[in-house]
Amino acid sequence: MFRFLVAVFLTLLPLSVAAQEVIPLKNTGGLHSAYVVPRNDFNRVDVQVLVLSGSYDDPVVSGTAHFLEHLAAFSADTYVLRQPRERDLFAKTSAVATIYTNSGHPAEIDRLMKLSRALLDTPELPEDFLQSEKNIVERETFLRERQFPTRWLRRKALQNLYGSTRGRANDIIADVPKLSLEAALDFHAKHYVPSNIMLIISGNIPPELAEKKVAEYFGDTKASEPPEKWWLNEKPAPGLRKIERLSSNRLYDDTLVYSKFVQYPVEDTSIDLQGEFFIGVSIFESRIREALIFNSFNIQSVNTSFFLAKNGDMEMVSFLVPMPGVSFEQAMEEFESTIATLLDTPPDAQEIETARKRNAAHAISAARRPDDFLSFLENVGSDGLPPISPGTYAELIESTSDAEVLGFLKSLIAPAPVSAIFASKEG
Amino acid sequence: MLLRALTLLTVSLLLPLMARAELIAGSSDPKIAQLTPMRNGLSAITLVWAIPDLAMNRVLSLNAGLSTAISSGTAEMSAFEAETYREVNGISLGISTQPTDIALTLTAPHAAFPDALAHLNALLVNPAFSQDWYKRQSLLLAPVKVTKNRRPSHVINVLADYVRFPVATDGTDTSQADYVFGLPHQIIIRTQERDPSPLIQTAINGLPLRNAPVPSDHAPKEPASLPKGIIFAPDSDGQETLIIAVHHSLFDTPEQQVRANLLMDYMGANQGSEMFRIIRQEMRAAYDPASVFRQTARDHALLALSATVSTPEWPAVLETIRTIYETTRAGDVGAQGLANNHRRLLRGFEYKFATNPSWSAMQFLFEYPDGTTGDVQIPLFSALVKAKLDEVAKQGADSLPPFSDYLIVLIGGTLPPSAEMQSDGYCELSLSQPLRRCLEQMNAAQQ
Chain B
1 MFRFLVAVFL TLLPLSVAAQ EVIPLKNTGG LHSAYVVPRN DFNRVDVQVL
51 VLSGSYDDPV VSGTAHFLEH LAAFSADTYV LRQPRERDLF AKTSAVATIY
101 TNSGHPAEID RLMKLSRALL DTPELPEDFL QSEKNIVERE TFLRERQFPT
151 RWLRRKALQN LYGSTRGRAN DIIADVPKLS LEAALDFHAK HYVPSNIMLI
201 ISGNIPPELA EKKVAEYFGD TKASEPPEKW WLNEKPAPGL RKIERLSSNR
251 LYDDTLVYSK FVQYPVEDTS IDLQGEFFIG VSIFESRIRE ALIFNSFNIQ
301 SVNTSFFLAK NGDMEMVSFL VPMPGVSFEQ AMEEFESTIA TLLDTPPDAQ
351 EIETARKRNA AHAISAARRP DDFLSFLENV GSDGLPPISP GTYAELIEST
401 SDAEVLGFLK SLIAPAPVSA IFASKEG
Chain E
1 MLLRALTLLT VSLLLPLMAR AELIAGSSDP KIAQLTPMRN GLSAITLVWA
51 IPDLAMNRVL SLNAGLSTAI SSGTAEMSAF EAETYREVNG ISLGISTQPT
101 DIALTLTAPH AAFPDALAHL NALLVNPAFS QDWYKRQSLL LAPVKVTKNR
151 RPSHVINVLA DYVRFPVATD GTDTSQADYV FGLPHQIIIR TQERDPSPLI
201 QTAINGLPLR NAPVPSDHAP KEPASLPKGI IFAPDSDGQE TLIIAVHHSL
251 FDTPEQQVRA NLLMDYMGAN QGSEMFRIIR QEMRAAYDPA SVFRQTARDH
301 ALLALSATVS TPEWPAVLET IRTIYETTRA GDVGAQGLAN NHRRLLRGFE
351 YKFATNPSWS AMQFLFEYPD GTTGDVQIPL FSALVKAKLD EVAKQGADSL
401 PPFSDYLIVL IGGTLPPSAE MQSDGYCELS LSQPLRRCLE QMNAAQQ
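Residue numbers (full-length UniProt numbering), protein chains in the order written: chain B, 1 to 427; chain E, 1 to 447.
Rather than coming from a laboratory, the hints here were simulated on the basis of the structure.
Computed from a prediction, not measured in an experiment: that's the story for all the values here.
Note that beta-carbon positions come from the ideal geometry of N, C-alpha and C, so glycine has one too.
Possibly wrong hints are sitting among the right ones.
Stated by the list, open to error - Here are the simulated lysine-lysine pairs, PhoX-like style, with alpha carbons at most 25 Å apart:
1. B:K114 - B:K26
2. E:K135 - B:K425
3. B:K114 - B:K229
4. B:K229 - B:K190
5. B:K178 - B:K156
6. E:K145 - B:K425
As the list claims (entries may be wrong) - Residues from chain E that keep clear of chain B, each with C-beta distances beyond 10 Å, as calculated:
7. L42
8. S78
9. T84
10. D115
11. L139
12. V144
13. D217
14. R284
15. A397
16. G412
17. D424
Said to hold, decoys possible - If you want the ones that stay clear, here's a sample from chain B, every Cβ over 10 Å from chain E, calculated:
18. G29
19. S33
20. E133
21. N135
22. F142
23. P149
24. R154
25. Q159
26. S164
27. K212
28. R241
29. N295
30. G312
31. P324
32. E378
In isolation and in its complexed conformation, chain B is listed as follows (with noise of 0.2 Å):
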């Protein structure tokens, strides 16, 4: 019988969506931090371990970051399981970390313990497939370079709008080939310190446990000096704006990539502007969304990304697709326009909760699916600041006050160095 069936098939999985409380945990010898994060509704546990260094530190080759992401993988698999892996590695580079995700039962918090620790260690593994791996982060850089081309659009108008191929831009294509074993070991040597690093433990696990588990498995690591986020003081050119053709037969589409660089004052970190800024860009989406999408019918679909640094330093990225006949000028200049007229009718208090609740349903919705649940608490924390989880998101969107939304706004559409991308579709 069916229902029969499907009463079997249910045991395992969440049976309600709460809020999740980040805890900071004690006796964590040298880490940089960890959290637990408890929920029961999952019968899982996930260990993250977030390496505070990402492509934006990558030394003079870019890739060296991603490179070593898959070294220390297959090592600390190797190391503890010395057997046929029975289960799929999960690593990513992002711009500002390296995060590993080690998720089993709660009974198997051991075994995730010790995968997660012995990514500190030195890689080791046969010298021949250490060199080799190389071949593989080629082939996979090449794929991503051609299944997504948003990625090297990107990159090029992140190069015109830093003025670098280093840091917050890079030049992965042509550094590929130049990837070495050496550089990859050192950079592990340097990143890989308790110091640059954070543990976010979440799921089925009892507090109390977690911070056991933590002290025996990190306990005895060593703080040392986290190596310096020298990228955070480059920045663009003042009133810089640069627009640069292109035409590729890589495209779907005829694509306009708009990328702008804005500076916002911080005291400390950008943990206080973290409210604002998830606020503020709903509130900018939504207004652009309503104009170019929904009054307007010149632009076929616009995407954008924001990156807030720790700094304060943000990086707008926005994708628009003229619908045909539309020429890439007139697609900027309507985007442009639209941006330096968006606050003439300021949002209202009704507008900005809005926003909130808007926010508030992305989180609620986020914390139902466990891959968007890290997700989400990946986000701020791989700035090395307290992660944010579902439940606390709602709070700090609380919180927030409607002067301190309007007044990111304001600096969001003020003017700022630019740089544009017109690429044309061939074929």
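Position chain E against the provided structure of chain B, taking the given hints into account.
Then chain E, alone, in the frame of chain B:
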């Protein structure tokens, strides 16, 4: 009877407003199925309409039309206000196409579900249909050219469209199409309410019926098959070649289908797979070796194995894929790996059933294309639960077709297949052409 009475009354009110629009609706009360509630805090309803014309251009037009209809706002809310309403209330709408149906699924948190259904109803009864919006949706939903980004998933999507909707066009100009969506012919609901009738009534109140049933045009007489042979799309820009071997299989029983699914997963579904172990970790030849089992109908699926490699290596990697496939098909299967994949597949089915109403509705529609009033049983689920793994390995040759029956697609690079490989069927594709052109050309030559 209550449903019918209300519906007929509304038909007479609505018909004058939609003189130019094509009415997509059933001609009798919809069949209703209630599946067990989801376990993620959400309720869901799926409305299912028969696709009146199964030519690909008409299916795409209908898809864009439904997308337009649900984006047009209501009598009381502008389109933008309606979108905002859905965002702040956690309501989502999704469209999917089945072999003969188009389905609209709404999900909402339990508490918001009744209001969400009233909103859905307001969207569907609103006769406004923006041609600007339809034009944009038609562009966004146009088939991708797989030669551009070379994602295996894109190739599979295009092939799935081809086998389900083999007629590319019926010659109709769909650029100015206009639709009204009336009563669906099936409704599938996932809610905690024991009696969902009031909820369903809210969703369909006032939706018109069609006067008489209309058979679908351009329905394939028999399941479409993929041609054998090789398609090559050369590209001198870049030294990467996507290899994808694919077969459209028909299964005699759910047990056979599950065996094929498990063996395909064993070959390439995860990092414990044979393709990962050999092609990535031993040969160091590809980052993304993988297999796909994509169900296209109740007893049909696309079986695929793929890898993106450095161009000079594609012949060797294709040969390795062939060896892995034939070895597995011959029964040389590790028990632990197969058990791991069985566990994963079972958990995947459990998770999707509990959280993905669109997927669950698809499975229901595969089994009950005309609805049911009795107990619901999905034999595929039972076959998966009861699968005997030693039998799976032993019956590989019965479950999977020989590799020589596969279509090979190569995209990128400049190294063409040998003359010998081309002898079983060959088509060269320029980067600006759709993959369907080669499929039609090769199938015509082989028939």
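Results for each hint:
1. B:K114 - B:K26: Holds, because 19 Å separates the two Cα atoms, which is no more than 25 Å.
2. E:K135 - B:K425: holds, 20 Å
3. B:K114 - B:K229: Given that 25 Å is the threshold and the Cα spacing comes to 29 Å, the pair is violated.
4. B:K229 - B:K190: Holds, because 12 Å separates the two Cα atoms, which is no more than 25 Å.
5. B:K178 - B:K156: holds, 20 Å
6. E:K145 - B:K425: It holds: about 12 Å lies between the C-alpha atoms, which stays within 25 Å.
7. L42: At about 7 Å from chain B, E:L42 fails to clear the 10 Å cut-off, so the statement is violated.
8. S78: Not fine: 7 Å to the nearest Cβ puts E:S78 too close to chain B.
9. T84: At about 6 Å from chain B, E:T84 fails to clear the 10 Å cut-off, so the statement is violated.
10. D115: holds, 14 Å
11. L139: violated, 6 Å
12. V144: Non-interface label fails for E:V144: nearest chain B Cβ at 7 Å, not farther than 10 Å.
13. D217: Holds: least Cβ distance 29 Å, greater than 10 Å.
14. R284: violated, 5 Å
15. A397: holds, 25 Å
16. G412: violated, 8 Å
17. D424: holds, 28 Å
18. G29: For B:G29, whose nearest Cβ neighbour in chain E is about 31 Å away, the distance exceeds 10 Å, so it holds.
19. S33: Check passes; 30 Å lies beyond 10 Å.
20. E133: violated, 8 Å
21. N135: violated, 5 Å
22. F142: violated, 5 Å
23. P149: Label violated. Min Cβ-Cβ 7 Å, cutoff 10 Å.
24. R154: holds, 15 Å
25. Q159: holds, 20 Å
26. S164: Answer for B:S164: holds, closest chain E Cβ roughly 26 Å.
27. K212: holds, 29 Å
28. R241: holds, 29 Å
29. N295: It is violated; B:N295 is separated from chain E by about 8 Å at its closest Cβ, not greater than 10 Å.
30. G312: holds, 28 Å
31. P324: violated, 8 Å
32. E378: It holds; B:E378 is separated from chain E by about 21 Å at its closest Cβ, greater than 10 Å.
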